[in-house]
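*Asks:* Sequence:
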Amino acid sequence: MSINISSLFGDFKNKIEIAAAVKYMQLSWNSVTRRCEVIVENVEEQLKKDIDSYTGRTPCKDSAQLDSARYEEQVQSFLSEFEKRFTDFTSIEPVASYLRFPFGEGIDVDYMASKVAALFELDSSAVES
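According to this note's numbering, the stretch in the sequence shown is residues 843 to 971, in order.
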């Protein structure tokens with residue numbers, strides 16, 4: 843099927859009018875699909891270039907290159923720090939109650955001093971003073 847270009851764009855006087863007319867022409871499904879595929883390829887290529895040229899990242903190690911002993915050491919360190927910071931809350935409940943309201947009746951000062959000293963790793967004689 844041969845179409846004479848002059849018959850399509852005979853009414854237009856310049857390139858801008860022709861470009862505007864082409865812009866609004868209906869395209870076939872195959873044309874649209876192919877154009878979308880080209881756009882996807884272009885975006886993928888640009889993303890690869892951007893990732894390769896990005897200077898803010900450090901190169902990742904392959905899983906075979908990771909030092910498992912160091913990883914396990916870090917996890918153990920994290921666990922011990924977690925246990926140290928978040929001990930059993932029942933052991934800190936008396937201290938929390940005392941700190942919330944220190945003027946309550948029947949408070950055993952020696953007992954509270956020992957609990958505070960144990961919780962904050964202090965000398966109990968310094969706490970009583």
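Do not rely on the hints blindly, as some may be mistaken.
[As the list claims (entries may be wrong)] Pair ranges (Cβ atoms, derived):
{"#": "1", "residue 1": "A861", "residue 2": "E887", "range": "22 to 28 Å"}
{"#": "2", "residue 1": "F962", "residue 2": "K890", "range": "52 to 58 Å"}
{"#": "3", "residue 1": "L964", "residue 2": "Q916", "range": "25 to 31 Å"}
{"#": "4", "residue 1": "L964", "residue 2": "T897", "range": "48 to 54 Å"}
{"#": "5", "residue 1": "D950", "residue 2": "E915", "range": "40 to 46 Å"}
{"#": "6", "residue 1": "A960", "residue 2": "K890", "range": "38 to 44 Å"}
In case anyone wonders, no lab produced these hints; they're calculated from the structure.
None of the values given here were measured: they were computed from a predicted structure.
Idealized CB from N, CA, C, for every residue including glycine.
*Asks:* Compare the structure with each hint and give your call.
*Replies:* Structure-based check of each hint:
{"no.": "1", "hint": "A861 - E887: 22 to 28 Å", "in the structure": "holds (26 Å)"}
{"no.": "2", "hint": "F962 - K890: 52 to 58 Å", "in the structure": "holds (55 Å)"}
{"no.": "3", "hint": "L964 - Q916: 25 to 31 Å", "in the structure": "holds (30 Å)"}
{"no.": "4", "hint": "L964 - T897: 48 to 54 Å", "in the structure": "holds (49 Å)"}
{"no.": "5", "hint": "D950 - E915: 40 to 46 Å", "in the structure": "holds (43 Å)"}
{"no.": "6", "hint": "A960 - K890: 38 to 44 Å", "in the structure": "violated (59 Å)"}
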